[in-house]
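No gaps in the numbering here: position 351 of the sequence shown is 350 in numbering that gives the first Met the number 0, and each next residue is one more.
There could be a bad hint or two in this list.
Said to hold, decoys possible - Straight-line C-alpha distance at most 25 Å; calculated SDA-like pairs for lysine to any residue: (1) K99 x A356; (2) K315 x D351; (3) K363 x E43; (4) K315 x G120; (5) K274 x R147; (6) K55 x A105; (7) K65 x M82; (8) K274 x S339; (9) K90 x E78; (10) K162 x D124; (11) K290 x E108; (12) K55 x Y41; (13) K252 x E116; (14) K315 x P190; (15) K290 x A105; (16) K39 x D52; (17) K55 x P93.
Unchecked claim - Per label pair, the in silico range of CB-to-CB distance: (18) Q347 x E217: 35 to 43 Å; (19) Y34 x E220: 20 to 28 Å; (20) R248 x G324: 45 to 53 Å; (21) T121 x D16: 32 to 40 Å; (22) N358 x T149: 29 to 37 Å.
If you're looking for bench data, these hints aren't it; they were derived computationally from the structure.
Don't be surprised by glycine CBs; every beta carbon is placed ideally from N, CA and C.
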Amino acid sequence: MNNNLINRLEGLSSRFDEVSTMITDPNVIADMKRYVRLNKEYSELEKIITRRDAYKRILQNIAEAKDILMNESDQEMREMARMELDELEPKVEPMEEEIKLLLIPADPEDSKNCIVEIRGGTGGDEAAIFAGDLFRMYTKYCEAKGWRITVSNYNEGTAGGFKEMVFNVQGEGAYGILKYESGVHRVQRVPATETQGRVHTSAASVAVLPEAQEFDVEINEGEIKWDTFRSGGAGGQNVNKVESGVRLRYVWKNPNTGESEEILIECTETRDQPKNKERALARLRTFIYDKEHQKYVDDIAKRRKTMVSTGDRSAKIRTYNYPQGRITDHRINYTIYNLSAFMDGTIQDCIDHLIVAENAERMKESEI
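Using the sequences and the accompanying hints, generate a full structural model.
What follows is the structure in structure tokens.
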């Protein structure tokens, strides 16, 4: 019996009972921020307690079967005990690993929706084309997951693709999964613009940010300065006739540095001005949220012993080699040769390997 693991599990029982009582208290229910936080904690503790009960039952049954083998003379009883041991003992270690992962403190952002920003880097037109390829890859992946994508801003490249693409992803645990895509993605291939047939190396950066909820940051909406303008687009279209585009300016004081800066955000996504305002406000909340939590993210990244982190957005995390059909993720030395399928959104296996690597590191840090 893993006494240390059992002791940690038993120590959570009183907290589970306490939270169970608190979420039925009218005073707690009236405090929405606290109520949401406690409900989330209850859900996480409930998973652990359920697995604890199953784990203890298995250990108890194993102990009883061993007692029968040691003290029972009836051969039929002994044979049944051996069969039970053969069935139960292989389940103990996998269950312990599952419980250990549940005991690791979860990143509070993981369950959130996210905002993904893709920008063409070194490589000019080819970098913009590659940024477009990455956007298509993520679109295909999110569609397969049943997640919803909403484009909030983009800037097309002169030869195709995008110099910049910003989009929201709505789906269960979207940030916790897509956060591993943050960093510099490098592509090696013969560009469509290349006449000599030479392989070029280009890059695009990806930043994945947790979408802020309204109660995560405080914004004095009375201090926001709004402008409206006509969106660009094909002549004669409604989008070009009506001032549906919005621009907000907001002076924000950074609580970490005490410095003030003006934030400028534009949104031309829809033909409906109120909807554009709503989405611009969502981007403002997320921008401020990310800034205010950057210190937290940096501290976490420093403690990581691997490059699997959300904090290092400047590292070259992955190379897409077209001549060899190869994908290499440099953080975990992961290499596969199915580039075509990968670019069509089949990226889950790579993300799974990243999750396993990070969980192994977190277990070491937690000394579980």
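Now for the hints, and whether the structure bears them out:
1. This hinted pair checks out: K99 and A356 have alpha carbons roughly 14 Å apart, not beyond 25 Å.
2. Distance hint between K315 and D351 is fulfilled; the C-alpha atoms sit about 19 Å from each other, no more than 25 Å.
3. A hinted pair counts as satisfied when its Cα atoms are at most 25 Å apart, and K363 with E43 qualifies at roughly 21 Å.
4. Our distance criterion of 25 Å between C-alpha atoms is met by K315 and G120, whose separation comes to about 12 Å.
5. Only pairs whose Cα atoms come within 25 Å are accepted, and K274 paired with R147 is accepted, the gap being roughly 17 Å.
6. Between the alpha carbons of K55 and A105 the distance comes to roughly 24 Å, so the proposed pair stays at or under 25 Å and holds.
7. Restraint check for K65 and M82: satisfied, since their Cα atoms lie roughly 11 Å apart, inside the 25 Å limit.
8. A threshold of 25 Å between alpha carbons decides the hint, and for K274 with S339 the separation of about 37 Å lies outside it, so the pair is violated.
9. For the proposed pair K90 and E78, the alpha carbon gap of about 19 Å is at most 25 Å, so the pair holds.
10. A hinted pair counts as satisfied when its Cα atoms are at most 25 Å apart, and K162 with D124 qualifies at roughly 8 Å.
11. With a C-alpha separation of about 14 Å, the suggested pairing of K290 with E108 holds against the 25 Å cut-off.
12. Distance check on the hinted pair: K55 and Y41 sit about 21 Å apart at the alpha-carbon level, within 25 Å; holds.
13. Our distance criterion of 25 Å between C-alpha atoms is met by K252 and E116, whose separation comes to about 24 Å.
14. Restraint check for K315 and P190: the C-alpha separation of about 20 Å stays at or below 25 Å, so the hint holds.
15. At roughly 21 Å between alpha-carbon atoms, K290 and A105 fall within 25 Å of each other, so this suggested pair holds.
16. For the suggested pair K39 and D52, the alpha carbons sit about 20 Å apart, so the restraint of at most 25 Å is met.
17. For a cut-off of 25 Å, the pair hint linking K55 to P93 stands: about 14 Å separates their Cα positions.
18. Checking the proposed 35 to 43 Å range against Q347 and E217 shows it holds: the Cβ atoms sit about 37 Å from each other.
19. Judged by the Cβ atoms, the range 20 to 28 Å given for Y34 and E220 holds: they are separated by roughly 24 Å.
20. In this structure, R248 and G324 meet the distance hint of 45 to 53 Å, their C-beta atoms being roughly 47 Å apart.
21. T121 and D16 have their C-beta atoms about 56 Å apart, which leaves the hinted 32 to 40 Å range violated.
22. Distance hint check for N358 and T149: the Cβ-Cβ separation is about 30 Å, which falls inside the suggested range of 29 to 37 Å.
Of the numbered hints given earlier, the model fails hints 8 and 21; all others are met.
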